[in-house]
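*Asks:* All chains should be built: construct the whole structure from the sequences, respecting the hints.
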Amino acid sequence: DGGITQSPKYLFRKEGQNVTLSCEQNLNHDAMYWYRQDPGQGLRLIYYSQIVNDFQKGDIAEGYSVSREKKESFPLTVTSAQKNPTAFYLCASRTGGDEAFFGQGTRLTVV
Amino acid sequence: GEDVEQSLFLSVREGDSSVINCTYTDSSSTYLYWYKQEPGAGLQLLTYIFSNMDMKQDQRLTVLLNKKDKHLSLRIADTQTGDSAIYFCAESGNSGAGSYQLTFGKGTKLSVIP
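From first to last, the protein sequence lines stand for chains U and P.
Each step along the first sequence adds one to the number in my numbering, with nothing skipped, and position 37 is 37.
Each step along the second sequence adds one to the number in my numbering, with nothing skipped, and position 17 is 17.
Hints listed in this document are in silico derivations from the structure and should not be mistaken for laboratory results.
Misleading hints may appear alongside valid ones.
Below are the EDC-like pairs computed for lysine to aspartate or glutamate, each with C-alpha atoms no more than 16 Å apart in a straight line [claimed, not checked]:
#: 1; chain 1: P; residue 1: K67; chain 2: P; residue 2: E5
#: 2; chain 1: P; residue 1: K106; chain 2: U; residue 2: D38
#: 3; chain 1: P; residue 1: K36; chain 2: U; residue 2: E99
#: 4; chain 1: P; residue 1: K106; chain 2: U; residue 2: D54
#: 5; chain 1: P; residue 1: K109; chain 2: U; residue 2: D59
On a predicted model such as this, the values are computed, not experimentally measured, just so you know.
*Replies:* As structure tokens, then:
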């Protein structure tokens, strides 16, 4: 079945550690997105990528990094520079003006 | 930049109609979407409307678009307890790089009272 898969579902990070969240899609979509969701804040765009080997910062890119080496994959690294990383992270993909498909999310907690 | 506004909470009785409202600022918006999010899950597309349409109906869902006022609404007929969720309004730009931009509102939490 076609879809978008995020892993892991739950992730715990110690202070000062970098962690990488995985996002894979087999929908042949050009564009991929990372959003952060905090209670009452809705979705805030971290990074997005329109094509392979290219990506743009969103509204809250500081403390995050991404890569887009393959069309199917758009991993997000939460670096130690991100001071408040505890949140629900959502990955999405789409082509052009079509609707976006979302993964099931990764809940990151700092311990 | 572009902005999408929604009220944060809505409470309705089971069997009544729910109307969730959304306003947006980008006059070049081409596609307008409604997504549903259940607790701990990703977003699920409910319906969308193209900007040259005024209305779209899909079973219990009716979307109304007032392009002049940049106002979008989602009506859920015969609301059920399973409709309890957060509903997000989103807009997408017109062409080129803008067509890849997706801007979301903060979401409206719908609570259905049995």
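*Asks:* Under the constraints set out in the numbered hints, which ones does this structure not fulfil?
*Replies:* Structure breaks hints 4, 5.
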